[in-house]
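Enquirer: What follows is each chain in one-letter form.
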Amino acid sequence: MSLSAFLPALPEIFVLVMVSLILVIDAAVDDSKRYLAYVLSLATLAGAAFLTVRDLSTMPVLALNGLFIDDPLSDVLKLFLYLTVAVVLVYSRDYLRARGLYKGEFFVLALFALLGMMVMVSASHFLTLYLGLELLSLSLYAMVALQRDSSIATEAAMKYFVLGALASGMLLYGMSMVYGVTGSLALGDIAIALQDGTDLRIPLVFGIVFIVAGLAFKLGAVPFHMWVPDVYHGAPTAMTLFIGSAPKIAAFAFVIRILGQGLESQVTEWRDMLIILAVLSMVLGNFAAIAQSNLKRMFAYSTISHMGFMLLGILAGTQNGYGSAMFYVLVYALMSLGGFGMILLLSRAGFEADQLDDFKGLNRRSPWLAFLMLLLMFSMAGVPPTVGFYAKLSVLQAVVELGYVWLAVAAVLFSLVGAFYYLRIVKLMYFDAPHDTTPIAPSADARLIMSANGLAVLALGILPQPLMAICVHAIGASF
Amino acid sequence: MDSILSLVIWVPILAGVVVLATGSDKNAVLARWLALAGSLTGLLVAIPLLTGFDTTTSAMQFVEKSAWIPALNIHYHLGVDGISMPLILLNSFITVLVVIAGWQVIQDKVAQYMAAFLIMSGLINGVFAALDGILFYVFFEGMLIPLYLIVGVWGGPNRVYAAFKFFLYTLAGSLLMLVSMIYLYFQSGGSFDIQTWHATTLGMTAQTLMFFAFLLAFGVKVPMWPVHTWLPDAHVEAPTGGSVVLAAITLKVGAYGFLRFILPILPDASHELAWFVIALSLIAVAYIGLVALAQSDMKKLIAYSSIAHMGFVTLGFFMFSPLGLEGGLVQMISHGFVSAALFLCIGVMYDRLHSRQIKDYGGLVNRMPVFAALFMLFAMANAGLPATSGFVGEFMVIMAATQVNFWFAFVAASTLILGAAYTLWMYKRVVFGQITNPHAEELTDINARETLLLGVLAVCVLGMGLYPKPFTDVMHVSVVDLLAHVAQSKLP
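Chains A and B, in that order, are what the protein sequence lines are. In this text, residue positions in the first sequence follow numbering that gives the first Met the number 0: the first is 0, and each later residue adds one. In this text, residue positions in the second sequence follow numbering that gives the first Met the number 0: the first is 0, and each later residue adds one.
Please note that a few of the clues may not be correct.
Once the Cα atoms are required to be at most 25 Å apart in a straight line, the calculated SDA-like pairs of lysine to any residue come out as [unchecked claim]:
1) K158/A x L82/A
2) K359/A x S23/B
3) K25/B x V282/A
4) K359/A x N157/B
5) K359/A x V152/B
6) K489/B x T199/B
7) K164/B x V282/A
8) K158/A x P202/A
9) K468/B x V152/B
No lab work stands behind these hints, which were simulated from the structure alone.
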């Protein structure tokens, strides 16, 4: 194999080299130069973005003996991954510093997780998919546990690890069954093998069941959601921000690669499963979120319901559906970044700002941040003119196109329930008097990024076409 | 000028953003003047709609169309006909009044208050001008955000409950409407264009289901009995400006939806289920009229009276005759003036005594003669006295109802008695008699600003009552065309 065969994976190779460098450099410098890791991480993201943009593909290219695929879908998702991780790093910096977590480990783990996600996004083979997933998961387990002396974080890490390992096991088991039926681990070969049907229906369906269960675990869809609230709540907020944003994009790619590309001919098998997962997620996520007094826990349940909504797009099994799900997940990542980012911006040394009541009277303390949060909350609730509305609209459209009007009706009714707890945040910020009057002083760059983040929700709501066109194009050119 | 409608929508919104940018209450004076300038500019740019309007055609005028979200085939498509044009003017006009009404009363977060009203005004103009379903929905839902804040931030003690109830009720209706719109998109071969939907054939089951979805969406906004309960709560808790906008404008958005969506898109279901809407309307007229009689809070009383009057509007629509439809439309505009005036009157009293309870007043005429006279005019208009605008619409609707069924007209006409009873009884208790409340001794009559507000509205009420022809002329062609449309079956 010549060296040029590795070219499609250049961004991954670059990230790997850089993360190794950062590991070594950070070990060699003293505490006053910790910012080096931060700056280098951002530089890594910029470099990876440059490499990805330089080689934007117009059609799918298989590489590394069919293990790896470079297509428009992976390019677009990777670019959004870099962006998301960069924003996470900016939001987290002050928070980490105030808690003694501003160390090379965090950045190394974040970049390793990013590498895992990039591999997942570009995988065209069960082995690469699994490799990427595990690299991501292991980094995340360690990240959650990074705050060693916090018992709640350690507990969360433990739960995350045990349940995550279980899910990985299920996924592997399902993959092995599909391998038994089709005789291949490459997604393209599996798709071809299943095109004309198979005599081995029962093992295949069993395999799909296990795969879907494993995917549902990773997405946090009901009834495989138990880890989500505990991990979101227990992990330090910076880690929650990370877990709640970029990995959702990777998980989407993961689902699309396996179900949409590998098992696309079996759509009638997995559609019913996804319907159950989606409806249960929307029911439980929305209702349970109402009962929370901790904002991180509330967002955890809201994530569950959002993932349910996104599954609606995927279960349509059409290009429109995949495109809408992609749009949904990108928009969700944007909103989730803003939501958790706001908790980070309001927190300070010894104060987490993760209770609902901590948002009381925010409009008096900082009208601008309150306004941005208002945009984010209405976007999560799917109220126009914010971008969250178009995300819901495009998914609903895919569902109705399929003829599942009842599913669309159920989805909007549950999002009505969801609107209640987002409205409650707005109520706390605008209608109530503050009970804490400490000045809010986020650093200038975090404030700037937050402004861009909040306004993006509005700007994309007024002009959603560019992002939507990117999604449609990426899906259209990759299938 | 091809972009009048865009100006009508975006000038108030941009003015709102500018006002918002003045920031804290240190710049309150600046915020007020900017808001006034913004609302006046908003009214000015709307004037060409009236002067350039062609009353001989039912086609959409001042049309603007450009691609907005090609991925979903959604267009930025605006246009007005004789039904929507007067509503835009009404809205732009009321916005100016609302800004003036909040001039002194609002001392807390002035910029945000004024900005919320301006932005909402632009969004409501968008609702009336949108010819694309999703564009309509965006404006229709978007206006909830400022209204939610207005009720919740500047309202009274029970404001949080009222704001939530209002928002969730409305959202429930509109989400089902959204699903219907998506369904229509596929039925019409991939279009969100409202006029295309007017020509789309639909089966009876689909029409019936969508009828109820749209009915819920618009019925909540109107509001129709039994989904009206948010309105008294929201009104009582809203500041005066909020009440004025709620009654004068927001309710019209619901009624407008009937004319733009339900009747032309679902004509067969509309005919089939007309009895249902008529029944709800008559209940609103008669039963809510009785409820209004029992109120001790003035704002609540006017809120219930609004529901009863809007019952007239929906009743008129489902008579399927030009008289009924035009009557309903005239009633909408008239109610916009009268309810705005009545809420402003209550605001005048509330600013002085900080009570809305009827029992806290009495004998106002001794201290506030000018106010008492103007209040009298509006009370009479609310009761439907001839020569006021309130009479014209009610009379037309009752006439139309007589042509359909005597008993409809009979029940509907009860409003003339009930309306007079609850309005004039309230007026009597508040204005006449001896001064019982010691605080009422110190009352001063309305100042120049308040006189201006009420005076302008008095001119509108009387003008429309004495010579309604210009209003009906504008509507007539569009109404006839709409009815011709509704008369055609769209069953496949």
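Enquirer: Take the hints in turn and mark each one as holding or not.
Expert: Now the hints, each set against the structure:
1. K158/A x L82/A: It is violated: about 29 Å lies between the C-alpha atoms, which goes past 25 Å.
2. K359/A x S23/B: Holds: K359/A and S23/B sit about 19 Å apart, inside 25 Å.
3. K25/B x V282/A: violated, 47 Å
4. K359/A x N157/B: Holds: K359/A and N157/B sit about 17 Å apart, inside 25 Å.
5. K359/A x V152/B: holds, 13 Å
6. K489/B x T199/B: Judged against 25 Å, a Cα distance of about 7 Å means the pair holds.
7. K164/B x V282/A: holds, 21 Å
8. K158/A x P202/A: Answer violated: K158/A to P202/A is near 31 Å, above 25 Å.
9. K468/B x V152/B: Violated: K468/B and V152/B sit about 41 Å apart, past 25 Å.
In this structure, the hints that do not hold are numbers 1, 3, 8, 9, in rising order.
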